[in-house]
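> Keeping their order, the protein sequence lines are chains A and B. Residue numbers are given in this note's numbering: position 18 of the first sequence equals residue 18, and the series is strictly consecutive. This note's numbering runs 1000 ahead of the 1-based position in the second sequence.
Everything labelled a hint here was simulated from the structure, so no lab data went into it. There may be inaccurate statements among the hints.
Here are the computed lysine-lysine pairs in the DSSO-like style, where the Cα-Cα straight-line distance is at most 30 angstroms [to be verified]: (1) 1071(B) x 1041(B); (2) 1283(B) x 1075(B); (3) 229(A) x 1075(B); (4) 154(A) x 1075(B); (5) 1148(B) x 158(A); (6) 1283(B) x 1205(B); (7) 1229(B) x 1278(B); (8) 1062(B) x 158(A); (9) 1283(B) x 78(A); (10) 1278(B) x 1209(B); (11) 78(A) x 1278(B); (12) 1062(B) x 1075(B); (13) 78(A) x 1071(B); (14) 1229(B) x 78(A); (15) 1181(B) x 1170(B); (16) 1205(B) x 78(A); (17) 158(A) x 143(A); (18) 1170(B) x 1071(B).
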Amino acid sequence: MAKKSAGFFLVLLILIIILIPTTIAANPAQMESSRYKIQMPSINSEAGKMTSDSNINLSTTLGELVAGEFARNGYIVKAGFQYIHSIIPFTFTVSNANINFGELQPYQPATASANLIVSFGGEYKYSVSAIAQTRFQTLNGLKFIPDTQCDPGKSCSKTTANLWIAATTEGFGYNMLGEDIPNDFLNFQYYRPFPIQNLGDEPQIIMENNDVTLKSARPYTHQSTIVFKTNIGPLQAAGTYQTIINFIATAGY
Amino acid sequence: MKLLIKKLLTLLAFSYFITTGVNAQVTSLSISPPLIETIIKPGKSILIAYTISNHGDPVILKPYISSLEIKENGKIVFKEAESPVRFSLDNSDLALEQPFFLKTAGRQQLLLRIRIPEGAPEGDYYHSLVVESQPPPLIEGVSSTRNKVSLSSNILITTTQTGNLNFNGKIIRFESLPRFKLNLFGKRINIFDSNDKIPLLLILKNTGKNFFQPQGEINLQGNFGERAKYDLVPVNILANSQRLIPATPSAEINSPQTNSLTLIGFFVGRYQLSTTIKLGNAKLLYAHTDFIALPFRFFIAFLFISIITLLIIRQQRN
Chain A
1 MAKKSAGFFL
11 VLLILIIILI
21 PTTIAANPAQ
31 MESSRYKIQM
41 PSINSEAGKM
51 TSDSNINLST
61 TLGELVAGEF
71 ARNGYIVKAG
81 FQYIHSIIPF
91 TFTVSNANIN
101 FGELQPYQPA
111 TASANLIVSF
121 GGEYKYSVSA
131 IAQTRFQTLN
141 GLKFIPDTQC
151 DPGKSCSKTT
161 ANLWIAATTE
171 GFGYNMLGED
181 IPNDFLNFQY
191 YRPFPIQNLG
201 DEPQIIMENN
211 DVTLKSARPY
221 THQSTIVFKT
231 NIGPLQAAGT
241 YQTIINFIAT
251 AGY
Chain B
1001 MKLLIKKLLT
1011 LLAFSYFITT
1021 GVNAQVTSLS
1031 ISPPLIETII
1041 KPGKSILIAY
1051 TISNHGDPVI
1061 LKPYISSLEI
1071 KENGKIVFKE
1081 AESPVRFSLD
1091 NSDLALEQPF
1101 FLKTAGRQQL
1111 LLRIRIPEGA
1121 PEGDYYHSLV
1131 VESQPPPLIE
1141 GVSSTRNKVS
1151 LSSNILITTT
1161 QTGNLNFNGK
1171 IIRFESLPRF
1181 KLNLFGKRIN
1191 IFDSNDKIPL
1201 LLILKNTGKN
1211 FFQPQGEINL
1221 QGNFGERAKY
1231 DLVPVNILAN
1241 SQRLIPATPS
1251 AEINSPQTNS
1261 LTLIGFFVGR
1271 YQLSTTIKLG
1281 NAKLLYAHTD
1291 FIALPFRFFI
1301 AFLFISIITL
1311 LIIRQQRN
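Bound-form chain A, shown alone:
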């Protein structure tokens, strides 16, 4: 009986292996999201408009420059991204323009956050960078809270986040959570110091996307949260510390 069962099982397994088809994606051009699926045999290099049953219009405006138009007018202008039918505004939101740390106390880290929301239709490669105009300093610039170096043995830099947990680690920095953030922000405990404009630093990218976004609801949005953190030691000079953070949001090209 066991012999018959074993034999049957073996035959079944062999049949499964033989009958599984060699599949290459049967649909050469397929774009889908949770809301719709567009299937085309190929995307042609000509301008055109395609419609579907569900009244979703997709137009492709690919192609070469119109030599005649250039000769006649002396210029050709194209607005928006040519592989997307409609011109969708690029929108950027910062939920809180004023980040208030209150009165700083030694070895009592203070945090505050803001949401960053990008809405960018379907074009490729948006990015949001951040840079501080100055150090986190008093109004007269004579005293400052240094950039965070993160915890001892876990040093961070303007390009690489690391752990900042210890209450005795002083400094000023930020953490990112959410969509399209750099992958060195592993969780809410990973921080970087800000690049500083008047020290010649370049802005650092804090949100970036290189792909077409096919979210289910228009407008297409991606969101992240930036958490600002500061901590001072007992020897930090008394004063009101401040800086301006510039968020630079760039649509793709």
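Using the hints, position chain B against chain A.
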């Protein structure tokens, strides 16, 4: 008791009205169009109408023009505008570098005139129209950071007298990113399991003087004669820069940002990939690669089950 309840309710209502809530100041701006591409003769000018919308709290904005530089890694860097191109606003009441006020739900149209002076050298000039918000006022006595937003729309300008453009490029990388690699007689063989997703990388470098959009496709051919074609998305590749070229159907929400294309299916045998890219009117670029896919997991599972089955049979015989 009733009197006590009345007093409590009065106190509650009173405290509600006198409590001053602190609302975060929201900065929310949009700009349209997000990108302008233009080919223009020296001596000509064009007018572009931008719409700036404020979806947040009232804000003071300053429009200005900056130059764009694209680094090797694709990062966009802003510099002070430095090119022969002349920018100005045709608005009667607005000018570049001059702030203006935009109320909540307000819209402002900026009529940007782009003028190429006579005798300007032919070539590409990349700029951005930037609108920068003013940060909120400082709160006395409180340590704080104030945030400001710089929202930009890119302007890609090609200047040419004749309309003849210089498109030139080369394929830097066209390969699959395999699970295993094997070097055999000096040739590298990429090996995947049959169930693996096959990530492909196509990076194109612009070695010409003008930006272009590559037109082309990636073709996949299997050893049983099956074929598939994937069209390249015609993204802009700026002069002296390189870019990863996406291909459909990877325009999906889960597609990794570092791949041009991800093939999904059950593959067995040797597959050949080729790409043909057209630049402008004539130039064609070509590259090819291949990979081998074998059902390793199935073999291992089959072997395991066979061994178990044989053991069971032997046990039954004994």
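> Which of the numbered hints are not met once you compare them with the structure shown?
Hint check: nothing fails, all pass.
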